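Please put together the full structure from these sequences, using the hints given.
Spelled out from the first residue to the last, the chains are:
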Amino acid sequence: MTRRISMSRRAALLSFMLIACVVTAFPILWMVATAFKTPDEALQTPPVWVPGSPTTDAFSAVGDVIDIPRSFLNSALIAGLTTAGILLTSLLAGYVFAKYRFRGKNALFALLIATMFLPPIVTLIPLFRIVTQLGWDASLVGVIVPNLANAFGIFLMRQFIAGVPDELIEAARLDGASELRIVFRIVAPNVLPAIAALAMFAFVYHWNSYLWPLTVLQGNEQASPIVISLARLLTYTGSAANTPQVMAGATLAVLPPLILFVILQRFFVNTISRAGMTG
Amino acid sequence: MRIARQNWWTAGFLAPSVGLIGVFVLIPIVLTVWLSLHRWSTATPFGDAEWVGLRNFDALFSSELVGRDFRQALRNTFVYAGLSIALLIPLSILFGVIVHRAAVRGTTFLRTVLFATYCVPMIAVAIVWSKLYSPTEGPINQALGWFGISPQPWLSDTGTALISLVFLNVWQQLGYFTVLVVAGLTQIPPSVYEAAALDGARNVKLLFKITLPLLRRTLLFCVVIALINAIQVFEPVATITQGGPVGATNVLTYHIRQVGIERSQGGLASAMAVTLLLALMVVVTLVFALMRKGDDR
Amino acid sequence: MKRTSRYVALLLLAVCALVVAACGSSDDDKGATTASGGGSGDKVKISFLTHWAPETVRSFERITAAYEARHPDVDVEIRAVPFADLLTTLRSQAGGDNGPTMASIYDLWLPELVRDGVLSRAPEANAAEVQREWPANLAGAASVDGATYGYPNEVDLYALNYNKALFREAGISAPPRTWDELIADAKKLTKKDGDRITQQGFGLISSWAAGTVHPFTSLLYSNGGELIADGRAALDSPQAGETFDLVDQLANKEKVSSAQMSTADANTTGPYLENFVSGKTAMIIMANWWESALRAGMRDRFSDVGTAPIPVGPSGDAPHSVSYSWLTVVNGKADEAEQAAAWEFLAYLNSPESGEAGHSGMAGLLQSMGILPSRTSDLEAYRGDLDREFLKAYVEELPNAKPFPIVLGGQEFTESLQRNLEALQAGQMSAGDAQERSQADAESVLESAAG
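Protein chains in written order, with numbering that gives the first Met the number 0: chain A, 0 to 278; chain B, 0 to 296; chain C, 0 to 450.
Since the hints were derived computationally from the structure, they do not count as laboratory data. None of these values were measured; they are calculated from a predicted model. Treat the hints loosely; a few may be bogus.
Okay, the calculated bits of chain B under chain C, using three or more residues with CB under 8 Å as the criterion [said to hold, decoys possible]:
| no. | region |
| --- | --- |
| 1 | 38 to 45 |
| 2 | 238 to 247 |
| 3 | 261 to 268 |
Here are some chain B residues the structure puts well away from chain A; computed CB gaps all over 12 Å [as the list claims (entries may be wrong)]:
| no. | residue |
| --- | --- |
| 4 | 4 |
| 5 | 66 |
| 6 | 104 |
| 7 | 231 |
Glycine residues also receive a C-beta, built at the ideal position from the N, C-alpha and C atoms.
Here you go:
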């Protein structure tokens, strides 16, 4: 719903929006610009904003300190496998909570949803100990498996699956379809936007996840995702002259989630709106 | 479908989620509570834990170093959360209203830019902002200079360190909350605005008298989410400030990890975690109660 | 239909199992030792956990390659983590199957690791070698209750670092030798712009445990004081009181030190380093290993750096720097074959066999980072290099250095003292309160660590 506003109001509003965009984008722009600076430019006070003679030296230097392709692979594995797990488990459980009736359903659902509000630090230590006892410490298995199910995913799926008409499902049953078939052939296609949104949330969240991989993987460079490798890069290039290197690393780490977001942002936003997130 | 058959499917479909959440979330919660009543070194098996009753909790609330450090971390965490919420809610309402209702082009672009920051890994955000905040080589102090403001110590001073991190947090999360507010706004029927317009209501009045009350549930929900996110702050503290200077940015996630993993004091760390959980539960219950009271109106 | 549901449940289980197996197998080549590794392959796999930078790790890998050539049945892997994560990594992996076989640790961490039963005792031959080839205090630092747990590697101590160019400018001919001279010189070397310090006479480090506590300790020792005496905290002594007063003078009364200019970050670099490098800090007490950072940052101006013994306090007789060391230990939870292989490798690494010109491979690595080796034969082998100007003050003071007390709760003790010093440096407490608090906190930490 819009209302007509005056020219001056419009100009003021546009300027404000422009300033907001610039201020918001500034850190990212500065990061990218610094990645192309020379060490001398990085040391200058007052700081140089635009590199005088842009160079990609910093990027190659990053490659000397951390294994970039491997880190990206690890990030992709962690984010991808965890997301796949979350999608599968949430779809199945969401279907049950939305469409079945059984004793204790609401209580169970409430219990699961309550875990949505749990800050991970509360369970970090015993969970880590459990993972260690299972022999999964210092490996990707330990990072991925505990996160394969997610209460938020179940919540989201249930909200959306509840909107799938029962008649559709009943009709399929009458035709002799098994429940599994129903889930994948009838329900899933009808909640694709929600699945896409959940996929994106989960992927970005687990790509950026730091504390848990840090706790589980420490010491295992081979299995480090890009966020951990980036922290390692910071350590070995501490002095201010190496800021371009650190920024180059950060730029590389930021690219995949950002690109994914730009491509899929419509789904993200639309689904939050439709999910009745507020309720 | 017959109930008996349905029960098989129920079990089968729920097994993965419930199993995983049970083993990797619920059991650890129980363990945390159990461990908080024991003296246990994180490097040793659970069986080695020694019962000490409420001794850990006593220490946390005593005047000894352990207690002082913990209370400082607790204080810092909730101050950080409080300040973040105080900034995020008004700003997200502002931008939410602009994106949703302003009659100008470019609101989608604004929304995209704002939301993009949410996708950036926190470690990258922390690293970049630590350089932005650099007292001598950082552009922020330089920019302040153009407006005649003297350079600020940002992360190097006990008075400004925590709020520096708050700004960082707000920057990263604003887009996410703006989208949540927009979602809430889309649920308000346009007829409400038409009726108000007929009554001659002006923009600002409209905002406070109509929009905000109807956004109540959304906003309270945002508060809860913002609180939970704020409690999880870790990367900026771990990579940039290490809880300093003088513990000014020592927050609970960092402190619990340091006590529980670096110093291996698993029992004490679990007691801290339990206290955090209780505090959180109290606050969230209050917020939900407020939500429900509002609904009755 | 009922059969279908059971079939489905099994299918789900199978999928989960496959996923887990797939993830697991892709990790097997990562060289992590597994408890069941004994019978599975011909090679014994051992790993070494360190905090060294990538170039040093690469040099280290050349040494391990040479060792592997000689011992084809052993596979040595290097695992490097950032310094800030080293202790956490060690502690969290110590209890697991995939933990590193060997690790380079800070001597202060030894008592707790031994208490938790995660370290392996050195076999007779290795223990005897350590006792024989190392100075007594260093061999002692690698032992608990008479049992040796590892090979000492680096030794570190502190000295007064000062900027000769700034000294010349201020008309000071020689570095201060007493505390009074220190304060007087610092006053001459401090420049202010209104209320803000633009050049600080003396840098007091903060935000980093060792950086805050060790210089303080060196001053304390040079004033005849102790941190811990006879098993109890000794911060309530008059000598300690004078040291807290000195800090108070520098930071708050004479204002020759700016809290903001000397903070450190997670990797032990940061403003305290940058400000000395850029000539904004005239004097600072720091360890010998920051030489490479200074050289990298100052380049030609490195010749402006002078080093001198710690200034002596009113109750002290001679300069005494604090010293600490690192040692390499072996994981007690690794299996027999791995432990044995690890000890053999360590004997090789720390002997002249692995290096050139009479020094050991370990010493070579340390020296490449500008760090002092500790083995007597290594100090001999490097005699010429150690004579260089920057290191002179350090090497000469090495015999007079007193080790930082190695006790249970040592790390926590350091951190509690750090917090109180930082509060004092930031002007949040008086010197008297800082002393009282430090003593109380120290007593509390030591008590709960022991009991």
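Results for each hint:
no.	hint	in the structure
1	38 to 45	holds (count 5)
2	238 to 247	holds (count 8)
3	261 to 268	holds (count 3)
4	4	violated, 8 Å
5	66	holds, 19 Å
6	104	violated, 9 Å
7	231	violated, 5 Å
Violated hints, in rising order: 4, 6 and 7; the structure is consistent with all others.
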